[in-house]
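Undergrad: Next come the chains, spelled out residue by residue.
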Amino acid sequence: MSESADDRTTRRQFLKGVGGVAATGAVATLALPTLALHPEPEVATERQYAMVIDVRRCIGCHSCTVACKVEHDVPTGVNRSWVEYTEKGVFPDVSRSFLPRLCNHCSVPQCVSVCPTGATYKRPEDGIVVIDSGVCIGCKYCILACPYDARFLNPHTHFADKCDFCIHRVAQGVQPACVETCIGGARLFGDISDHDSTLSRLVANNPVTVLRREMGTVPNVYYIGADYADESDNGRPGVHKVTVKTHRPHTERR
Amino acid sequence: MVEELTWGMPVILYLFLAGAGAGAVTVSASVELRGGGFGAARHAVARYGALIGPLPVILGTFLIIFELGAPFRVLNLFKVVNLSPMSVGTWLLGVFIVLCLAYAATFLLPDRLTWNRRARTLLAWVCLPFGIGVAVYTGVLLGAMPAQPFWNSPILALLFLFSALSAGVAFIVLALTLFPSRHAGADAASHGNSSYLLTTADSVLLAGELGIIFLFIMFAHLTIGSTKEAVQVILGGGELALLFWGVVVLIGILLPFIVELILVGPRLLYGRPYRAVYLADLLLPMAVLVGGFFLRYVVVVAGQITGPVGL
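Protein sequence lines correspond, in order, to chains A and B.
The first sequence: position 216 = 394 (this note's numbering), numbered continuously.
The second sequence: position 97 = 100 (this note's numbering), numbered continuously.
Next up, chain A with everything else stripped away, as it sits in the complex (with noise of 0.2 Å):
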């Protein structure tokens, strides 16, 4: 057979095809450290701004979600902030709760870890988790890895976009749009990472809970007194009729 010929080239370029890999391992081995330090998340940055909603003192009025479309311009059909409404039962025997939403700014943001620009990151002097909107190309993992559907593609901008905490407002020592504006004084903005702060203090108090925790994100918006009850439920023996109303395009929670 003619093989045998190409058969003797083709084991001399194996080896030589070793060589060059394993000189590839080795070098990518060394350069490994640093390529890993840039995108791990930390958990613990200098200071963490959290919030704390009492969804028992929300009365479900959407100022928040008006005052946060004012504050920063977002566009018709998206929200940084928004409520959610929980109707259950049958009648005698109903509720119907308020679940105000935003951005978690989790210590282990699942939006970081996939931006492959380096456009979304988690600030280490607070912990926001911000978007520079000058580095952001638009590609949509943020969106599709967020557990909470905080994130949306800005539909002027064509970048991705969410709240911030109001970072331009906390800069100055106020009170972000939502806080400020609540009428029931469900909402608290704090320093988590300070143990004397009211928040922490309040944290401390209640009984607290956080969405979705199985995900491992470590959210630091933290709710007290509210009804995670979903359409998803109304199978389970003694949940009846639960409904719950986004008030976003989309009417079904993500």
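Be aware that one or more of the hints could be misleading.
Heads up, simulated DSS-like pairs for lysine-lysine below, C-alpha to C-alpha not over 27 Å straight-line [claimed, not checked]: (1) A:K419 <-> A:K266; (2) A:K318 <-> A:K247; (3) A:K318 <-> B:K82; (4) A:K266 <-> B:K231; (5) B:K82 <-> A:K419; (6) A:K419 <-> A:K318; (7) B:K231 <-> A:K318.
Covered by chain A, per the in silico footprint, the following chain B stretches (three or more residues, Cβ under 8 Å) [unchecked claim]: (8) 79–89; (9) 146–158; (10) 307–313.
Away from chain A, derived, C-beta distances all over 12 Å, residues of chain B [claimed, not checked]: (11) P74; (12) F222; (13) Y277.
Since the hints were derived computationally from the structure, they do not count as laboratory data.
Bear in mind the structure is a predicted one, so any value in this text is a computation, not a measurement.
Even glycine gets a Cβ: it sits at the ideal position worked out from N, Cα and C.
Based on these hints, arrange chain B on the given structure of chain A.
TA: Below, chain B alone, put in the same frame as chain A:
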């Protein structure tokens, strides 16, 4: 349905085209390096994959760039190296496109140049891991998000790799059938031999795909909660069930697999002569390619119309 998705048709097409193109180049490089039983037809077969492969990869890349909110900022991707699957994938894809174009060029330059033959072998060696990397990363890209339970499976990347290689073989068989080589020594026997080897290889890849799909669904079914809920969308009564079982599994994998076994079985098992069946070499790759596209379609859509259950 696709219009409302965050990642829509351009992404679906990209995942398919980049995977299939990378698969074709990988298969070509493998044939070029190993030779296998291809004999004198080795370079001719490798040539098809090398020349076809870069086209879908580049087309898919263009599609994905214009899916971005800010397409003209695409270079921002090359300013950072991080462990985001998209960043890793961008670098893999960028390097792969350069490599596979250079590899294709070595088949266009005359063979009498010694340096060209050496370059071809060298490029085949590097195209091989990079091609596999591009095919695998498309699955890792989707699998990296705990917020998307349908995608969040380590086996998705392997499924995409097998599908990509199978689509790569399909591209080569299709080209071999539609544009038969006219070089010296390209007789019917050699063509039949190439068809036999490629068809056999494809049947192995399709069997692998079937196995992976079985494992994917079995584990999703055996778990509880979000993943189990999510996988219902491709099971009985689900929105994508018909497309998945009818097009992806039946037309794209099972039927080609069975026909291929019938074709190659006699030679594989009993050493009887194999003759290339024109219609089979034409229709089977088409079915595999259709299945490969709809696999990406079903997976990408299913991931986005499902989500974590409860808050």
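Undergrad: Do the alpha carbons of K419 of chain A and K266 of chain A lie within 27 Å of each other, as the hint requires?
TA: holds, 6 Å
Undergrad: Run the distance test for K318 of chain A versus K247 of chain A: straight-line Cα separation, threshold 27 Å.
TA: holds, 21 Å
Undergrad: Does the stretch 79–89 of chain B contain three or more residues whose Cβ lies closer than 8 Å to a Cβ of chain A?
TA: holds (count 10)
Undergrad: Counting residues of the stretch 307–313 of chain B with a beta carbon closer than 8 Å to any beta carbon of chain A, are there 3 or more?
TA: As far as the stretch 307–313 of chain B goes, the hint holds, because 5 residues have Cβ atoms under 8 Å from chain A.
Undergrad: Are the Cα atoms of K419 of chain A and K318 of chain A separated by 27 Å or less?
TA: Judged against 27 Å, a Cα distance of about 34 Å means the pair is violated.
Undergrad: Verify the coverage statement for the stretch 146–158 of chain B against chain A, using a C-beta to C-beta distance below 8 Å and requiring 3 or more qualifying residues.
TA: holds (count 5)
Undergrad: Looking at Y277 of chain B again, its CB stays over 12 Å from all of chain A?
TA: holds, 19 Å
Undergrad: Is the Cα-Cα distance between K266 of chain A and K231 of chain B 27 Å or less?
TA: With a Cα-Cα distance of about 25 Å, the restraint between K266 of chain A and K231 of chain B holds, given a limit of 27 Å.
Undergrad: Against the 27 Å threshold, does the CA-CA distance of K231 of chain B and K318 of chain A hold or violate the hint?
TA: holds, 25 Å
Undergrad: When you look at the beta carbon of F222 of chain B, is every beta carbon of chain A farther off than 12 Å?
TA: holds, 18 Å
Undergrad: Holds or violated: K318 of chain A with K82 of chain B, Cα cutoff 27 Å?
TA: Satisfied, since the Cα-Cα distance of roughly 18 Å is no more than 27 Å.
Undergrad: Regarding the assertion that P74 of chain B does not contact chain A, is the least Cβ-Cβ distance greater than 12 Å?
TA: violated, 8 Å
The structure is inconsistent with the numbered hints 5, 6, 11, although it conforms to all the rest.
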